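Novice: Read off the chains here:
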Amino acid sequence: MLNKSWIYVVLTSLFELVWVYGFNTASEWWHWVLILCVIPFDLHFLAKACENLPTGTVYAIFAAAGTVGTALMDVFLFDRQLTTGKILFMIVIVAGVVGLKLSDEQQTEGVTN
Amino acid sequence: MGWMYILLAAVFEVIGVLGLRLFSHARTVKNGVIYLGGLGGSFAFLYMAFLYLQISVAYAVFIGIGTAGAVLLNMIFFGESKSYFRMLSLIVIIIGVVGLKALS
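These protein sequence lines map, in sequence, to chains A and B.
With the first letter of the first sequence counted as 1, position 91 gets the number 244 in the numbering used here; the numbers rise by one all the way through.
With the first letter of the second sequence counted as 1, position 3 gets the number 190 in the numbering used here; the numbers rise by one all the way through.
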């Protein structure tokens, strides 16, 4: 069951990047139909992943994957430059998000839901 | 303008998360509207922000403010822990957001 949950983590991160990419490239009405179909799947897989894994861990990976993925998109798909300074502050933000999410996890440990 | 939209997207995200919390406890129409309206507004403003800013910058700031906002709200209104580690993480996010703003 645990392995399946990790597949959900990967899927939610991928679908997240698909709709973010879509937001930046959509030009026809049917592009938007596709994007609006992807978002519920993204949220569904996120919820499924959280069923068997700690929410803090799932969300921390999700946020980090989204940030790294969009940075790669900027550089490789949209030809926009990322300076060292920008990359550094992005890492700082992700570190804060991961810190918050993981500290929530430690607190709820041992507490019955 | 882009930064304004990101801020609004993050605010709506927090509303959506709050709505989800309410909706999972009591499935009423009102709670459903807060949940879906919050998320919908969040996506709409994120789209607007993408028109002005680099996607990676917009996305990182959106995730950072959204998460920090939700935690702050829970600390203030739901009496969640104000541990040093959580405070430190919040400050780290703020440093990251301010830094990106300064460079963009």
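The set of hints was computed from the structure by calculation and includes no laboratory data.
Keep in mind the model is a prediction, meaning the values are calculated, not measured.
Just so you know, even glycine gets a beta-carbon here, dropped at the ideal spot from N, CA and C.
Don't take every hint at face value.
[What the hints assert, rightly or not] Taking CB as the label site, the calculated pair distances span: (1) A:Asn156 <-> B:Glu267: 30 to 36 Å; (2) B:Lys269 <-> A:Ala248: 33 to 39 Å; (3) B:Arg208 <-> A:His184: 29 to 35 Å; (4) A:Arg233 <-> B:Val220: 32 to 38 Å; (5) B:His212 <-> A:Glu258: 33 to 39 Å; (6) B:Leu260 <-> A:Ser180: 34 to 40 Å.
Novice: All the hints need checking, so say for each whether the structure fits it.
Specialist: Results for each hint:
no.	hint	in the structure
1	A:Asn156 <-> B:Glu267: 30 to 36 Å	holds, 32 Å
2	B:Lys269 <-> A:Ala248: 33 to 39 Å	violated, 20 Å
3	B:Arg208 <-> A:His184: 29 to 35 Å	holds, 32 Å
4	A:Arg233 <-> B:Val220: 32 to 38 Å	holds, 37 Å
5	B:His212 <-> A:Glu258: 33 to 39 Å	violated, 21 Å
6	B:Leu260 <-> A:Ser180: 34 to 40 Å	holds, 37 Å
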